[in-house]
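**Q** With these hints in hand, go ahead and build the complete structure from the sequences.
For the protein sequence lines, the chains are A and B, in the order given.
Residue 1 is where the first sequence starts when you use my numbering, and the numbers rise one by one after that.
Residue 492 is where the second sequence starts when you use my numbering, and the numbers rise one by one after that.
Fair warning: there could be bad hints in the mix.
[As the list claims (entries may be wrong)] Distance windows between CB atoms, simulated:
| id | chain 1 | residue 1 | chain 2 | residue 2 | range |
| --- | --- | --- | --- | --- | --- |
| 1 | B | T506 | A | P464 | 34 to 44 Å |
| 2 | B | S657 | A | V123 | 18 to 28 Å |
| 3 | B | N518 | A | A398 | 17 to 27 Å |
| 4 | A | V123 | B | D743 | 36 to 46 Å |
| 5 | B | R753 | A | Q46 | 52 to 62 Å |
| 6 | B | L679 | A | M472 | 21 to 31 Å |
Derived from the structure by calculation, the hints contain no laboratory data.
A virtual CB, placed ideally from N, CA and C, is assigned to each residue, including glycine.
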Amino acid sequence: MNVVSIKPEQLIESTARLIADGGRMQMAYAWYPEPGELELRYVASQANNPEFLVWRCRPKGPVPSLTATTPLLGWYEREISDLFGQQFVGQPEPYSLVLHPGAAPILPPLDPSYPASMPMPYVAKDGGIPDVESPDVQRLPFGPARADVVESAELIFFYVGERILYFHPQLFFKHRGMEKRFEGRSLTGAVVLAERVSGVGSFSHALAFCQAVEQAAGCAVPRRAQLLRTLLAELERLYNHLHYLGHLAHTTTLKVGEADGKLLEERAKQINARLTGSRFLRSLLVPGGLRRDLDPQLWFGEALEELRKDAATYTAMLESTNSHLDRLLTTGVLNEKVALDQGATGPIERASGLDRDLRRDHPYGAYAELPLAVPIETSGDAHARSQVRIAEIEASIALIERILLLLTDGPVYVECVGVPNSEGLGWAESPRGSLFYAVHFDAAGKIARVKIKSPSFSNWRVFPFTVHDSNMMDYAINEASFGLTVAGCDR
Amino acid sequence: MPLWTLFGLLNGNATTAWPHGGDDGQNGLLGMPRFAPERCAAGCEECAAVCPTAAIGVDRDRSGAERLSVDYGRCVVCQLCVEACPGDAAMPSHDWAFGTRDRSDLQLDGPRAERKTQAASRRDFRRSLHIRHIDAGSCNGCESELQALNNPFYNLHRFGIFFTPSPRFADLLLVTGPVTYAMRDPLLRAYEAMPEPRWVMAVGTCAVSGGMSGGSYACGNGLEGVLPVDIYLPGCPPNPAAIIEALLMFLDRAPQRVKGGRFVE
Numbered sequence: 001m002n003v004v005s006i007k008p009e010q011l012i013e014s015t016a017r018l019i020a021d022g023g024r025m026q027m028a029y030a031w032y033p034e035p036g037e038l039e040l041r042y043v044a045s046q047a048n049n050p051e052f053l054v055w056r057c058r059p060k061g062p063v064p065s066l067t068a069t070t071p072l073l074g075w076y077e078r079e080i081s082d083l084f085g086q087q088f089v090g091q092p093e094p095y096s097l098v099l100h101p102g103a104a105p106i107l108p109p110l111d112p113s114y115p116a117s118m119p120m121p122y123v124a125k126d127g128g129i130p131d132v133e134s135p136d137v138q139r140l141p142f143g144p145a146r147a148d149v150v151e152s153a154e155l156i157f158f159y160v161g162e163r164i165l166y167f168h169p170q171l172f173f174k175h176r177g178m179e180k181r182f183e184g185r186s187l188t189g190a191v192v193l194a195e196r197v198s199g200v201g202s203f204s205h206a207l208a209f210c211q212a213v214e215q216a217a218g219c220a221v222p223r224r225a226q227l228l229r230t231l232l233a234e235l236e237r238l239y240n241h242l243h244y245l246g247h248l249a250h251t252t253t254l255k256v257g258e259a260d261g262k263l264l265e266e267r268a269k270q271i272n273a274r275l276t277g278s279r280f281l282r283s284l285l286v287p288g289g290l291r292r293d294l295d296p297q298l299w300f301g302e303a304l305e306e307l308r309k310d311a312a313t314y315t316a317m318l319e320s321t322n323s324h325l326d327r328l329l330t331t332g333v334l335n336e337k338v339a340l341d342q343g344a345t346g347p348i349e350r351a352s353g354l355d356r357d358l359r360r361d362h363p364y365g366a367y368a369e370l371p372l373a374v375p376i377e378t379s380g381d382a383h384a385r386s387q388v389r390i391a392e393i394e395a396s397i398a399l400i401e402r403i404l405l406l407l408t409d410g411p412v413y414v415e416c417v418g419v420p421n422s423e424g425l426g427w428a429e430s431p432r433g434s435l436f437y438a439v440h441f442d443a444a445g446k447i448a449r450v451k452i453k454s455p456s457f458s459n460w461r462v463f464p465f466t467v468h469d470s471n472m473m474d475y476a477i478n479e480a481s482f483g484l485t486v487a488g489c490d491r
Numbered sequence: 492m493p494l495w496t497l498f499g500l501l502n503g504n505a506t507t508a509w510p511h512g513g514d515d516g517q518n519g520l521l522g523m524p525r526f527a528p529e530r531c532a533a534g535c536e537e538c539a540a541v542c543p544t545a546a547i548g549v550d551r552d553r554s555g556a557e558r559l560s561v562d563y564g565r566c567v568v569c570q571l572c573v574e575a576c577p578g579d580a581a582m583p584s585h586d587w588a589f590g591t592r593d594r595s596d597l598q599l600d601g602p603r604a605e606r607k608t609q610a611a612s613r614r615d616f617r618r619s620l621h622i623r624h625i626d627a628g629s630c631n632g633c634e635s636e637l638q639a640l641n642n643p644f645y646n647l648h649r650f651g652i653f654f655t656p657s658p659r660f661a662d663l664l665l666v667t668g669p670v671t672y673a674m675r676d677p678l679l680r681a682y683e684a685m686p687e688p689r690w691v692m693a694v695g696t697c698a699v700s701g702g703m704s705g706g707s708y709a710c711g712n713g714l715e716g717v718l719p720v721d722i723y724l725p726g727c728p729p730n731p732a733a734i735i736e737a738l739l740m741f742l743d744r745a746p747q748r749v750k751g752g753r754f755v756e
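**A** This is the structure:
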């Protein structure tokens, strides 16, 4: 990680140069290195360089918004405004994002002087949603409690007949203030917390957090732990992608396809439990390696091989079912330019022709020594998004089988403690895409700030661009094809 | 064009016979730790020190003797206490069926719960229960397991238990998450929309007590002080079999496994 100081007046010009050189912003966040002294951080990837570039910028008053040239930063700026009170001049959507209109904290809640357990006063009120005057346009607010067992979010449609004119997802009903909960926690407790930011991404979240701490502390994780971590990260991808396909079949009303996909997911989760004691691969990670060694015995390889065969049959059937494909092809097209500009990540960007994967471009764990296939599609529709995931299921199992051959005995833990005044950046290519943890330690070696960039935060920002000007019948299919979570986005 | 129906039929019945024999699907799953306070070393507070939700405490009674207190309603099953325990006072277990009718039954050797006698009003619902789920700010772990209830392995419908889209048709409000400030009103509105008799189930440690995220600037401590709770099911998340057991327990079709914070086989 290459940290560079930058003045607020240089921001616009430097960003233009970064993008012209093939770089891309990954996230922005704020923190207080000293009381009353706010610092902005911009994290960017550079072309053909595994090292991330980090700008730090101490604002003296409002700073220029970068959203006009780098649209994907729009939500980060709004989040910083909500949680830190920093203003951005020229922000095209100057509304609150993370905090709902009507939330009235006495101070911006991520200010260290805001008491950790003080609830915000709140009176619900409308805001941030465009007014529509034409009597022909219907407004349909759907949620936050929706039908079926789903996460809470309010989906607001403006539509005429079948045609959706404008779509606004009102998220952050589930904002729990998770980032502030990290402050002052022990490292082991912080891992438990990271595992609970997004349940179906438990392992990736804990992994990115641990890697950030390990970078800050400069500790080298033993090889066996690196291999096992990589194996577990791929197991997480496996059950998530199988769930995704079952759920997608649900939206195209392919009943047996739904049942079969969800049964495969259940088998993957049961394998997780038998191997690790947790269906969500929790309670294993710790900065420095793993809390205990794992022993993937013969049964594991056999169960995985059975799953591989059945998943291959299943996906081949999905891919040759016309009624299913008819609903996916040309649905919710995300073109490459929008995907790049708005910050799409993971299978979503890879289905729109963007060849990016943190496992390959910024290797961590044991990925550098593994043959990694990164499937890419270019049509950008719901079918492409499912094809990428189908190919990743196969690739994940191939990686796990490879790791089983490479595993040798050895330690799985080295001591790793917080170093005073240090910082680290951790990342993981989670099943849904790029996940970042930035961790800062204070002078006593305690956690002072944790910023979480979840993949769904990026992809929820992109998703409405595929919904505007589409139709109601395709909506559920399109949403399922994105495979979004709300908890990770809202935090 | 594949023949899905034929394919499904050829694959046979995937549903477990459990709880009437058969596989519960939780092979190897770690549950709530078991405690044997009598084995605690004097002055040892290792488990309490590592517990991220303050579920474990070491108190002193009137005579000054140390007493271990454990609140399973706060346990997030992280296993840190088991690893921290220098002796064998905290042990790993597979005890996951932790559904109780009374909050006090989740406290180790806590006050004896008064048995609630609402069975008469519940009797009409024994064979058919409709549930409205509200996510009040969970991490999506509980939702993942609730969604699994309808996969072919657990097949919740075979018990006559269904999820319903509308609170108007619901008998039971199933709540997950620590209740964020923005979800509090929608949650209360769903409860108000339900016909009586109506019941509330807190699923997951967040809904029972706030869990890892409770008590921040943005959320409360689960359903504490928000709604009256009829079934408590801590777990992080509770697995699908645990959810089924708790529902059957509520309908008087299965025994309550946990009494006074101790798991009865």
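**Q** The structure should be examined with respect to each hint, and the outcome stated for every one.
**A** Hint-by-hint comparison with the structure:
Remark: the range hint 34 to 44 Å for B:T506 to A:P464 is upheld by a beta-carbon distance near 39 Å. The supplied range of 18 to 28 Å is met by B:S657 and A:V123, whose beta-carbon atoms lie about 27 Å from each other. In this structure the supplied range 17 to 27 Å holds for B:N518 paired with A:A398, their Cβ-Cβ distance being about 26 Å. For the pair A:V123 and B:D743, the supplied restraint of 36 to 46 Å holds, since their beta-carbon distance comes to about 42 Å.
Against the hinted window of 52 to 62 Å, the Cβ-Cβ separation of B:R753 and A:Q46 comes to about 58 Å, which satisfies the hint. At roughly 30 Å, the beta-carbon separation of B:L679 and A:M472 lies within the given 21 to 31 Å, and the hint holds.
Taken one by one, the earlier hints all hold for this structure without exception.
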